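Novice: Here is what each chain is made of, one letter per residue.
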Amino acid sequence: MNIRDHEHVTTPQDGNTQKPQPAWREQFPIDWQQDEFRSRRNFTKMLGLTSLAFVAGQIWIGALSIFRKSRAKPERMDLGLVDELAIGTAKRFEYPSQGHPCLLVRLGKERFVAFGQKCTHLSCPVIPKPEQGKFLCPCHHGSFDIQTGRPLAGPPRRPLPRVILEMKDGRIFANGFSEGEA
Amino acid sequence: MKSVFTLHQRSTIVVSILAIVLSVVIMQLWLLTATMEAFLGGDDSIVWPAALASLGLFGLNFGLLHFYMRKLVDDKS
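Chains as they are written, first to last, in my numbering: chain E, 1 to 182; chain B, 1001 to 1077.
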């Protein structure tokens, strides 16, 4: 008898028919198909499929990576006059498009930084605290270094995306994002 | 077909194979989460090497499971 047939026939595991089974088995019947389904062999098959699913997940990340590289660089955007922003203050803007909030912070006379405003933990908007030298996420009390965007405390593990800034003729421009850590 | 393994040997082999397969699957899970973490952090350099490594681990799993299904399960018939 082929062991594979077990899955399709409801028979006790000892291979006998229902008749020679003890009385308690008749009174407390077991669904043998379900029992077989939970067998070691099916567990092994499930592990194989899980392994294949992980490979599919890796390929999916690879495809996302290719898609990200193929996207065009965001266009340069005018953020206004340099003198509009006082030292130690911040300005909110949306870049590269609506729905992508960013923060421009003036740290010194000639020193500006800009980062995406979404916390890298769960996308809550971070609040600039230039006097404390950090961005604060009020949701889970995460914080980021205001100069580099690197996480300092709390649940976030990845840095805030840094906006590349350019200054020309007294105006300040956003010109894309820098990859990886700032 | 008569099995070349005794019942006791077969049981030992099956448990060993399951332990290895389970370890490999856990390694693949770790690889997937580490790759996703790096990707979201802007690091694309490890994405494809990690995918190849995961594929290699799946190949190992497939070979072990193939051996298990063909040599051990069919032998029982």
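None of these hints come from the bench; they were simulated from the model.
There may be inaccurate statements among the hints.
Said to hold, decoys possible - Sample of chain E residues lacking proximity to chain B, with all beta carbon distances greater than 10 Å (derived): (1) P22; (2) K45; (3) D83.
As the list claims (entries may be wrong) - Just some of the chain B residues that point at chain E, by a computed CB distance under 8 Å: (4) A1019; (5) I1020; (6) L1022; (7) S1023.
Quantities reported herein were computed from a predicted structural model and do not represent experimental measurements.
The beta carbon of each residue, even a glycine, is placed where N, CA and C say it ideally should be.
Novice: Run every hint past the structure and note whether it holds.
Specialist: Here is what the structure says about each hint:
no.: 1; hint: P22; result: holds, 24 Å
no.: 2; hint: K45; result: violated, 8 Å
no.: 3; hint: D83; result: holds, 32 Å
no.: 4; hint: A1019; result: violated, 11 Å
no.: 5; hint: I1020; result: violated, 10 Å
no.: 6; hint: L1022; result: holds, 6 Å
no.: 7; hint: S1023; result: violated, 11 Å
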